[in-house]
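Colleague: Sequence:
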Amino acid sequence: MSFSFITVWQGMLHRVGLLWAFLALPRRQPIAPPKRHSIPILIWEMVIDSVASDMSGRRRWESKVANSLQSCSLTCRAWTPRSRYHLFHFIAMRCSNEHVEKLSTLLIQHPALESRIKVLVVKPDDHSIRGASLEEIPPVPGLLSQVPELRISTCYVAVMNAAKVEQSLCQFTSITTLNFYAVVLPSCDVLRRIILSFNALRSLIMELPEWSLIRTGPPSPIDSTCNTQIRLRELQITGQSGWLRDDHSIVFFQWLAKSGIVDSLQQLRLKYLVMTATRSCEAVRTVAAAASNTLEKLYIAPGPDLEFTEFGDVISQCSKLRVLGIAISYHRPSFKHLVSFLDHSSMFCPTLDLLFTRHPGGLDPGTDDWKSFDDLLQTRLWASLKVLGISQMPVEPTDASGLRNNIPRTCKRRIVYCWRGSELGYTPL
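Going left to right, the sequence shown walks through residues -21 to -1, 1 to 408 as mature numbering (1 follows the signal peptide of the UniProt record, and there is no 0) numbers them.
Honestly, the hints are just simulated from the structure, not real lab data.
Incorrect hints may have been included.
To be verified - Quick list of simulated restraints, FRET-style, between CB atoms:
| no. | residue 1 | residue 2 | range |
| --- | --- | --- | --- |
| 1 | 295 | 172 | 54 to 60 Å |
| 2 | 256 | 127 | 35 to 41 Å |
| 3 | 292 | 226 | 22 to 28 Å |
| 4 | 200 | 138 | 55 to 61 Å |
| 5 | 354 | 125 | 52 to 58 Å |
| 6 | 200 | 77 | 39 to 45 Å |
| 7 | 179 | 301 | 23 to 29 Å |
| 8 | 365 | 179 | 34 to 40 Å |
| 9 | 92 | 301 | 35 to 41 Å |
| 10 | 121 | 143 | 20 to 26 Å |
Said to hold, decoys possible - Straight-line C-alpha distance at most 27 Å; calculated DSS-like pairs for lysine-lysine:
| no. | residue 1 | residue 2 |
| --- | --- | --- |
| 11 | 81 | 250 |
| 12 | 365 | 276 |
| 13 | 365 | 315 |
| 14 | 299 | 365 |
| 15 | 237 | 276 |
| 16 | 97 | 276 |
| 17 | 276 | 250 |
| 18 | 43 | 81 |
| 19 | 250 | 315 |
| 20 | 97 | 43 |
| 21 | 315 | 276 |
The beta carbon of each residue, even a glycine, is placed where N, CA and C say it ideally should be.
Take these sequences, add in the hints, and give me the full structure.
Modeller: Set out below in structure tokens:
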């Protein structure tokens, strides 16, 4: 019995010794997980801000950018506040009593949403059909009548409904920015009356505008002796060159220049509106001349065979001009017109942005042409010019290298290159 008791204790002590020896062994340190360099929330908010800034420009932002912001708000909890901040800045309204009632119910359920809305997008009832008629804008609920920006999107304003549309626009009393997107207007007189409905208007943006094909005759001259308090700060028109050649567009530009609305204009941006005729060039020149005392940014697009040297007189009068953007065909006649224009103008502009578009079948400027451009820069322009941007659209590897090789070395030292691919348009420097 004693033998068995001693044997049991020896076995227990042996096991305890093995356990103690195992615990005393040096242990391997646990492998730490790799450090994840997290991006600060501030950077993500800046990215979301850039997504929201795409709401204006070439895209139908009210559908595409809204989907992007909704996806950002559902990605993670940190992205939600900033995404909702931009997402609640605009709201789209269809011109039907049923949709307005639903919108009114939404604002009643969420009172804080009403004060956040800054942009109201107005669409026709059947907005899925391009060119659907805009008959009348119903009375908007709550504080929506005091939004600072109104966007009329993808519709056709018929002559018979023009008076109703103009009358319904009078309910908006605080509009400072008016944006037309793919709106077909019957005449320049209707456009004039719509603009005069907003006394606090400061920015007019027209994207893909069109005139109605149903014409009753040539446009009658507009009475420019209107007593209005409107003083535009920004005029931006993005469209096709055919719109600028239309008689209604010519009369509209003449009215802007004579009515005093553009006397305080600071930015004049004409994107894709190629001035192919002397009449269209003269109309744009008249508006720029009317705003010569306050104009700071000017973007024009002369035609491939248009002599626009006289435009230099207007540039010489713009004492506050800081940025001049010119989109022109990259072939020899247009390049010579550009050099003649710059030589004829007494320009004191710190930034010159040149966009060369490909001209099929044209003869590219050679070394001699670029040499004359470089001589002009050395003798005339470098005294005031600080930034020179040269870009080309579209860009092929051979085209980009050929354009670089033709530019003189003395000119290259001051150029800010911004080569772009098949992007339809360009972003000014």
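Colleague: Does each hint hold? Answer for all of them.
Modeller: Here is what the structure says about each hint:
1. Taking the beta carbon of each, residue 295 and residue 172 are about 35 Å apart, not inside 54 to 60 Å as hinted.
2. With their beta carbons about 37 Å apart, residue 256 and residue 127 fall inside the hinted range of 35 to 41 Å.
3. Distance hint check: the CB atoms of residue 292 and residue 226 are about 25 Å apart, consistent with the given range 22 to 28 Å.
4. Against the hinted window of 55 to 61 Å, the Cβ-Cβ separation of residue 200 and residue 138 comes to about 19 Å, which falls outside the hint.
5. In this structure the hint that residue 354 and residue 125 lie 52 to 58 Å apart at CB holds, the actual value being about 56 Å.
6. Here the CB-CB span from residue 200 to residue 77 is close to 43 Å, well matched to the stated 39 to 45 Å.
7. For the pair residue 179 and residue 301, the supplied restraint of 23 to 29 Å holds, since their beta-carbon distance comes to about 26 Å.
8. At roughly 35 Å, the beta carbons of residue 365 and residue 179 sit within the given window of 34 to 40 Å.
9. A C-beta distance of roughly 39 Å is found between residue 92 and residue 301, which places it inside the suggested range of 35 to 41 Å.
10. Checking the proposed 20 to 26 Å range against residue 121 and residue 143 shows it holds: the Cβ atoms sit about 22 Å from each other.
11. For the proposed pair residue 81 and residue 250, the alpha carbon gap of about 38 Å is over 27 Å, so the pair is violated.
12. The straight-line distance between the Cα atoms of residue 365 and residue 276 is roughly 15 Å, inside the 27 Å bound, and the hint therefore holds.
13. Taking the CA atoms of residue 365 and residue 315, the gap is about 23 Å. The hint holds against a cut of 27 Å.
14. Between the alpha carbons of residue 299 and residue 365 the distance comes to roughly 15 Å, so the proposed pair stays at or under 27 Å and holds.
15. Distance check on the hinted pair: residue 237 and residue 276 sit about 21 Å apart at the alpha-carbon level, within 27 Å; holds.
16. This hinted pair checks out: residue 97 and residue 276 have alpha carbons roughly 26 Å apart, not beyond 27 Å.
17. Of the supplied pair hints, the one linking residue 276 and residue 250 holds, its CA atoms being roughly 13 Å apart against a limit of 27 Å.
18. For the hint linking residue 43 to residue 81, the alpha-carbon distance of about 22 Å falls within 27 Å, and the restraint holds.
19. Using a Cα cut-off of 27 Å, the hinted pair residue 250 and residue 315 holds, with the two alpha carbons roughly 22 Å apart.
20. Of the supplied pair hints, the one linking residue 97 and residue 43 holds, its CA atoms being roughly 18 Å apart against a limit of 27 Å.
21. Pair hint residue 315 plus residue 276 holds up; C-alpha atoms about 23 Å apart against a cutoff of 27 Å.
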